[in-house]
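Trainee: Here is what each chain is made of, one letter per residue.
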Amino acid sequence: MAINNFKELQRQELADMGSTPSSIEKNISHNMGLFRCIGDIAELYLPHVGRLFIQLIGGNENKTQKGDYLNQDPIN
Amino acid sequence: MWLIVKFFEALLGRFSRKDSHALTDEVLIERYLSTQDEFLFSILYHRYSTKIYAKCITMLKNMEVAQDCTHDIFIKVLTNIAKFNQQSKFSSWLFSITYNHCIDFIRKSKKSFLSDIPLEKIVESDEISDAFLMETKIGRLKTVLSEMDEGEKTLLLMKYQDELSIKEIGDILGKEDSATKMRIKRAKQRFKQIYDEHYKNEKD
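Which chain is which? The protein sequence lines are A and B, in order. Just add 7 to the spot in the first sequence (first one is 1) and you have our numbering. Just add 1022 to the spot in the second sequence (first one is 1) and you have our numbering.
Note that these hints are calculated values from the structure, not bench results. Beta carbons are placed, not taken as given, at the ideal position from N, Cα and C, and that holds for glycine. Among the clues, some could well be false.
[Said to hold, decoys possible] Anything over 12 Å on all C-beta distances counts as not near chain A; from chain B, calculated: (1) L1045; (2) D1090; (3) S1114; (4) N1122; (5) D1199.
[Claimed, not checked] DSSO-like, lysine-lysine: derived pairs with alpha carbons at most 30 Å apart: (6) B:K1105 with A:K14; (7) A:K14 with B:K1159; (8) A:K33 with B:K1159.
With the rest of the complex left out, here is chain A (with noise of 0.2 Å):
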């Protein structure tokens, strides 16, 4: 295999260099914390604002459900 010394720099760079500030893990699993979070949120209002809106501009959401059939008389 071809000797490549920038490689070789690279990890005794490393090495000398020992790890990173643990604060950047802390920080980058608090932001992920957060997106998670502005996710999940999303994710449960979201259905909620868009009938929300629908509403508020006046329009007549759908609501017939698989229930309302059940109770519906078959002739009419």
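Chain A is fixed; fit chain B onto it per the hints.
Mentor: Then chain B, alone, in the frame of chain A:
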């Protein structure tokens, strides 16, 4: 109900963590995208954070700024990970983001990076072999690189240390392949020039 679903998702995630450390980057990303398990992303972080941090220190010459940039780079990776199309290695993609971020930072602080010297100014000379650069003794390599222009040094690191392709380097610099090749050639010539100034009369 929603909380119960989330609880079981988390529980299943923990069971599937076994042996995750042995997985390749690409498999880890696939699993992370399907489970959103933080632990899988943390494996990627631990694999690369030291290299990225070291790269930021080398390019930005400031520990605090390098810490902020390392954080920002991983957040960028996190928010764009779904766009990683696996056509290149994850490491190449990550290094591209790192170089782009650092170069943007340097440009924003109004320093020039790889200032656009017209390519005509390149002195025509023999092609310098890759082996010459790669086989340069580490002490000498350190000295020569430390005396090079930051942009040219970064070009050589992209090519020989991170093994990025011409296309990937060109994408980072926003240059065509031919222009990228010329810039690499110029960086190699500069390397040789500094090397000769220091060591031409010395024996190996």
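Trainee: For each hint, tell me whether it holds in the structure or not.
Mentor: Status of each hint after checking the structure:
1. L1045: 19 Å, holds
2. D1090: 9 Å, violated
3. S1114: 15 Å, holds
4. N1122: 19 Å, holds
5. D1199: It holds; B:D1199 is separated from chain A by about 22 Å at its closest Cβ, greater than 12 Å.
6. B:K1105 with A:K14: It holds: about 29 Å lies between the C-alpha atoms, which stays within 30 Å.
7. A:K14 with B:K1159: Cα-Cα ~12 Å, so holds.
8. A:K33 with B:K1159: 38 Å, violated
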